[in-house]
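There are 2 protein chains.
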Amino acid sequence: MSKNLTKRSEDYSKWYNELVVKADLAENSGVRGCMVIKPYGYAIWEKMQAELDKKFKETGHENAYFPLFIPKSYFSKEASHVDGFAKECAVVTHYRLRTAEDGSIEVDPDAKLEEELIVRPTSETIIWDTYRKWIQSYRDLPLLINQWANVVRWEMRTRLFLRTAEFLWQEGHTAHATQKEAIAEAEQMMNVYADFAQNFMAIPVVKGVKTANERFAGALETYCIEALMQDGKALQAGTSHFLGQNFAKAFDVKFANQEGKQEYVWATSWGVSTRLMGALVMTHSDDNGLVLPPNLAPIQVVIVPIYKTDEQFDAISETAKQLMADLRKLNITVKYDNRETHKPGWKFNEYELKGVPLRVAIGPNDLANGTFEVARRDTLTKEIVTNTDIVQYLQGKLEQIQSDMYNKALDYRDSHITEVNTFEEFKEVLDTKAGFVSAHWDGTPETEEKIKELTKATIRCIALDRVEEAGTCVFTGNQSVGRVLFARAY
Amino acid sequence: MSKNLTKRSEDYSKWYNELVVKADLAENSGVRGCMVIKPYGYAIWEKMQAELDKKFKETGHENAYFPLFIPKSYFSKEASHVDGFAKECAVVTHYRLRTAEDGSIEVDPDAKLEEELIVRPTSETIIWDTYRKWIQSYRDLPLLINQWANVVRWEMRTRLFLRTAEFLWQEGHTAHATQKEAIAEAEQMMNVYADFAQNFMAIPVVKGVKTANERFAGALETYCIEALMQDGKALQAGTSHFLGQNFAKAFDVKFANQEGKQEYVWATSWGVSTRLMGALVMTHSDDNGLVLPPNLAPIQVVIVPIYKTDEQFDAISETAKQLMADLRKLNITVKYDNRETHKPGWKFNEYELKGVPLRVAIGPNDLANGTFEVARRDTLTKEIVTNTDIVQYLQGKLEQIQSDMYNKALDYRDSHITEVNTFEEFKEVLDTKAGFVSAHWDGTPETEEKIKELTKATIRCIALDRVEEAGTCVFTGNQSVGRVLFARAY
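Chains F and C supply the protein sequences, listed in that same order. Position one of the first sequence corresponds to residue 1 (the working numbering), numbered consecutively onward. Position one of the second sequence corresponds to residue 1001 (the working numbering), numbered consecutively onward.
Since the hints were derived computationally from the structure, they do not count as laboratory data. All values reported here derive from a predicted model rather than from experimental measurement. Don't take each hint at face value.
Claimed, not checked - Computed footprint of chain C on chain F, listed as stretches where at least three residues anywhere in the stretch have a Cβ under 8 Å from a Cβ of chain C: (1) 64 to 73; (2) 87 to 94; (3) 109 to 118; (4) 126 to 133; (5) 143 to 155.
Claimed, not checked - So the derived label-pair ranges between C-beta atoms look like this: (6) F:E51 x C:V1481: 40 to 46 Å; (7) F:E18 x C:M1156: 46 to 52 Å; (8) C:E1106 x F:N421: 28 to 34 Å; (9) C:R1132 x F:S13: 25 to 31 Å.
The C-beta atom is built at its ideal place from N, Cα and C for all residues, glycine as well.
Work out the full structure, taking the sequences as your base and the hints as a guide.
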């Protein structure tokens, strides 16, 4: 197949949009802003889900499911939340259609709901309305629940995976007896996300907290993991919120403590979404197509036969099948592409586009010599490997690719954190090198807002590991207690 | 804990509703007709999902995800489908809320959608609108796709799991080059469902086809599996539809065959839902609570310590932990309930209510004698087992419970299929013994409709293994070519 992919250096945004569609990850649907996640893309999402779900369960969480619809009045109960979430959303007003006189389908005006229902943009309100019934005593705490669900936010400008009206995600919602325990939970889940991003997706992240401006609507603290894409723009890859007692108070969720006294419950919520698919593509992929870390690749090794005669094909197939059997014993996902309808060159292109980490080609010469030609997707390099070494070689290579991809992304990220001390430098770095700009800030929302207006850069986070150091704000010259990370972001 | 469960013989319906809530499977939410699936219920659903998903993948299907919303006009494209599905449904008409002058939240009248969106009641239309883009040639076929999703049907009378406005399900949607292949697929998936119901859920089912009256809106043939609940009412547990070329024609999905000629594609769709949770409860459970087949039990073995002193507790805990470790090696899910806040009797009641298949009690005498007291949930019987045999005993018992539960349900089902030859008998059986009534029927929708009006019984299916025999219709006396199964149904 011919890839005809725009180069990143020509138009990064176009490259991304084309790649997502051409690599069969997702496409736009007939419904404004809603995407179709195609089988190949969904298979990657399933691998993310499985690993995250395992980590959630290992940390004591259980899954449950709450309604898709939220009565409009629920949003009014938590004042800051409503401003953030009850604005651009899908509103269900009727519950019946009817056939019009001209045979078309129309909304039945007699079937109007008494109270409009909002398609959940996030589930804090419906879940805390439920928790009121579930929590009476300290014995019911902590309540550690996660939900895998679809949510809808009526975005005007959408991009596949990065910003869609409907997206898939998980949302954890926990309830605790003490502030300390809730904060520990929020921090724990940020660490779970960071571990997942780095060790599973091979995406280095900065762990930090959001400034007041960038916090989740209703949160007292928002922990986040921030990744850096290859165009130097940041991407928020996951957030974990300490919600204080805001939702408990809004929904009257109290518990009897050990002394029998009624107290409001402490809350967290945390989530990652199909946006991670966008982060995956933009961190690793290149002008030839996807580059997938072996942990997330639906196919880890593809075997392509190269032959002219039926006899050659049969002999190669025998070798290929033995290799497949050996690899499967090691839980390596392998595909033998024996389609006669496509030439090897076409197949090579296809698996490059799809980011299959290792490609094994077997031709008549290989059979004669007892060798395989192995190509690495991430480096586009080839090696000849002998029959006796092949299985161990492939297994080792998959591990190496996983860590090489992480290190490559880490090198890029680390070389794109630039300390600046003047606003001129700040703007220059943003416009040339991009990446994270590490600068002193006076701590006020006003300054943050002003910088955003002037440069489109926001404070991505106050890194948890930042050094406390006295300095002067890059914009106002006022006092600062340490640097924060600015960037333009997705 | 005290169970206070209504007895099945007193009020079967009340028993069901109470049990679903008390056993922590699900509860009603603040949103009309929408349920909350609680963690214990969801854990059972996850086990169903995992097994079904494995079976779908083994039969060559891939998962994907399609939009939640369907433009209203899509439903008009397939005439019979619209009557079945585009009536009672949730309609999104607006995309924004605003704060009113009095501070309340109201729908923004300026944010009206040009075309209303329907929250999917099933996804044939949106999926076939997508398939038009995916299918060009016979090489693109078969297309074998499944989706795990939530759907919404605006039911007026709802019951937890059995009939809810929103429910969770999977829907398979496949496209084929030939009629024969599509029919084979629809039959295969019915067999997958039957195998799952029988071997995994321990629920015997009758495989059959629906009459024209009961077919899916838009299908040429609906295959189904029908189960029988303990109150003698039938429950449709899964359906698989041969859709002919109806959707391909409605959405213009053609392919170039091997000769290069354009043909319409052949379709199937098939689904099971959280309704299966209702079937599970009503097939096996008793007046003491849930009875779960080991394959679906979130906890397969629970260990309860019985002690008076701390020394006893420590010694029992040591034995319990060894047993847990041994069982986990065999992939048996085990919980040690060492809570000091609850008495053993309370715990016994709780695990009975929750349907844990095996309960192991360990007291000081057991420690002294090297024994365990093992109680079976399904039979409520107890045995004393020695230390040396316990692991193998428990493993074997789980297998036995799984097959005993199936056989018990099978005996009940088989003894509740009654052949009748007159309409008097027909009505008497329905009103006394209930179950399936096997009767000759003249094959007309009119007779079927009339019988339904008079008795509330519908034709559940024409069993695939029915004997072809000449007879006379139990209602009209007209000719019949074989018996069909009638029942009142959920």
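- Ascending list of hint numbers which this structure does not respect: 6 and 8
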